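Chains as they are written, first to last, in the numbering used here: chain H, 7 to 120; chain E, 225 to 334.
By construction, these hints were calculated from the structure, which means they are not laboratory data.
Each statement offered as a hint is correct.
Now the in silico label distances, taken between C-beta atoms and shown as ranges:
id: 1; chain 1: E; residue 1: R284; chain 2: H; residue 2: Q23; range: 43 to 53 Å
id: 2; chain 1: H; residue 1: T104; chain 2: E; residue 2: T291; range: 19 to 29 Å
id: 3; chain 1: H; residue 1: S71; chain 2: E; residue 2: R284; range: 40 to 50 Å
id: 4; chain 1: H; residue 1: F75; chain 2: E; residue 2: G240; range: 41 to 51 Å
id: 5; chain 1: E; residue 1: S282; chain 2: H; residue 2: Q23; range: 41 to 51 Å
id: 6; chain 1: E; residue 1: T291; chain 2: H; residue 2: E107; range: 14 to 24 Å
id: 7; chain 1: H; residue 1: Q24; chain 2: E; residue 2: S275; range: 36 to 46 Å
Far from chain H, by Cβ distances over 10 Å, these chain E residues were calculated:
id: 8; residue: I237
id: 9; residue: Q238
id: 10; residue: N242
id: 11; residue: T244
id: 12; residue: K250
id: 13; residue: T251
id: 14; residue: L285
id: 15; residue: R286
id: 16; residue: K294
id: 17; residue: S295
id: 18; residue: L299
id: 19; residue: A305
id: 20; residue: A306
id: 21; residue: V332
id: 22; residue: P334
Predicted, not measured: the structure shown is a model, and the values here were computed from it.
Don't be surprised by glycine CBs; every beta carbon is placed ideally from N, CA and C.
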Amino acid sequence: EAGVTQSPTHLIKTRGQQATLRCSPISGHTSVYWYQQALGLGLQFLLWYDEGEERNRGNFPPRFSGRQFPNYSSELNVNALELEDSALYLCASSRRGTGYEKLFFGSGTQLSVL
Amino acid sequence: SQQGEEDPQALSIQEGENATMNCSYKTSINNLQWYRQNSGRGLVHLILIRSNEREKHSGRLRVTLDTSKKSSSLLITASRAADTASYFCATDGRYSTLTFGKGTMLLVSP
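Bound conformation, chain E alone:
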């Protein structure tokens, strides 16, 4: 079963708009990560936030973590067409490795 679940499943926006994706998880974590996947290829690590952090920034990315609600959000500001991809949250947990959600498909139209 999935540890993290992303919401929404799909998101369609215009270039320049902000995109917000959410992730909920079930058990305690040490860290939560976000990855990006272009067109069914390999995943690329975007950002990691530790359980004792509440917010983290990297370029146009902003991640928040609320351990009391077992949820995280990924905000992409000023989206570009090149941001079109699937975004996955991943948590450390079962099997001593990362467990991924089903992802959010983001479409950014020019």
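So here's chain H without its partners, still in its complex pose:
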């Protein structure tokens, strides 16, 4: 069984640009979660998608957005990049309604904003 896959592995952008990060969940999982892991700050919850709908979002500005496609894969878009957006972005998936029980994580996208 393939795990959660994220692309790209690394992404380098400059301030003001836009970044698009992609995630494919484990087959059969309908929920996708995005987390930001900045140095020294632990994992911060960003967004939760299930069945194509945004179910909840963390305390992040609107320039962080995303979507979930009919095949349950997901995109995270970060507009107007700022230096402090540099972080490891982790995607996780779960079966519907089991996000409290266990998350399966991808290896992440390391975003560097110069």
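The hints should help you fit chain E onto chain H, whose structure is shown.
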């Protein structure tokens, strides 16, 4: 803000020793989980303990939960160099998903 807070922030031990990490949280929970992260990669689920459980074992891992003190501990017995990683506790709470602490960095030296 973080729901769970791990302690210590960093722990350095020798192979064969036991490693104990603690997690404190603020609000009521249904369950608490521990995850492991190797070198800034994805997290891997280790163990889940429910609020009505006090102790749980999985291989060399032992987790305890004290809901009256809102705290949990993760014990890794007979540590190996391969156990070197960051360990995070996670609780269900805000945002209808898991909230993670900042983690404990464990270094196990041969």
